[in-house]
Amino acid sequence: PMPRAPPYSPPHHGGDDDDDMQDLQGGPGGMWASHAGRSQGAGSSRPADLPEGVDEREYEEARMLEAALLGVPYEGRIPDFSREASRPRNLDPAYAHQRNLREEQDLAFEESLAADRAKAESLAAAAMQAEERERAEREAAEAEARRVAEAAAAEARRVAEEERRVQDSLASKRRALPEEPGPSEPDSLSIMVRLPDGSRLGRRFRRSDLLQSVFDYIDVQHNASSFKPHTYNLVNSYPRKVFSEGMPGRLEEVGITADTALFLEPRA
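Each residue of the sequence shown is one higher than the one before, starting from -3 at the first, in the numbering used here.
Calculated lysine-lysine pairs in the BS3-like style (CA-CA distance at most 30 Å, straight line):
1. 169 to 237
2. 169 to 224
3. 224 to 237
Label-pair distances were calculated between CB atoms; the ranges are:
4. 233 to 159: 25 to 35 Å
5. 248 to 156: 33 to 43 Å
6. 223 to 133: 38 to 48 Å
7. 262 to 175: 23 to 33 Å
8. 253 to 175: 19 to 29 Å
9. 196 to 248: 15 to 25 Å
10. 236 to 148: 40 to 50 Å
11. 250 to 195: 23 to 33 Å
12. 158 to 123: 45 to 55 Å
Don't read these hints as lab results, they were simulated from the structure.
Note that CB positions come from ideal geometry on N, CA and C, so glycine has one too.
Kindly produce the complete structure, drawing on both the sequences and the hints.
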């Protein structure tokens, strides 16, 4: 049981303050006690003029609180608070309706808030995925551009190296090319070479010159403009005989002993 509050004995100074305190206390039990007195006269344990939704436990609890605040003894039955959690309350229908409506509104608000939050999270996730996709595509495009640039640079280096090699080869051929003999020399002969574009190259050689000298002459004169060294053969039409660059022997040793017409035939 709750301990009784000590009796409150305010000093008496007279005047209006005593009247106000007396009105506030309403005698023993305060204003809630006056409600109790009116309700007991009506034959009920609940004051008739209390608002709806206030039950006996709340009424007694209010009296106890008032007594503690005013410092007067609480006179009444102490409610059993241990059974309040399981005891249903008889609420005013309008109050119950308002409470249910508020709970439904709160629930609807929470659901709407959760939906908005889920939508925001979904949009954020979609934006992040789009950003990741754009980043991946950008990195892939940059990598492809680097690959293309590196391949182009490698090709340019290869072409430059090939051109350098060809020019070195042409310079070597130019140095190795024998002097052209005069038409009156008994050992000389004329070789005419027809190119794939229909043009012709001709020069006099000695029968003792190497077959390689004919290839060197063609390469030096043509300067690798449409075909490069080691990419063609020289062909005698009748009887057909194919001469390849690098074949050993002198002209007279490979069967070229008189003026001869040859065709330049690209290798397959």
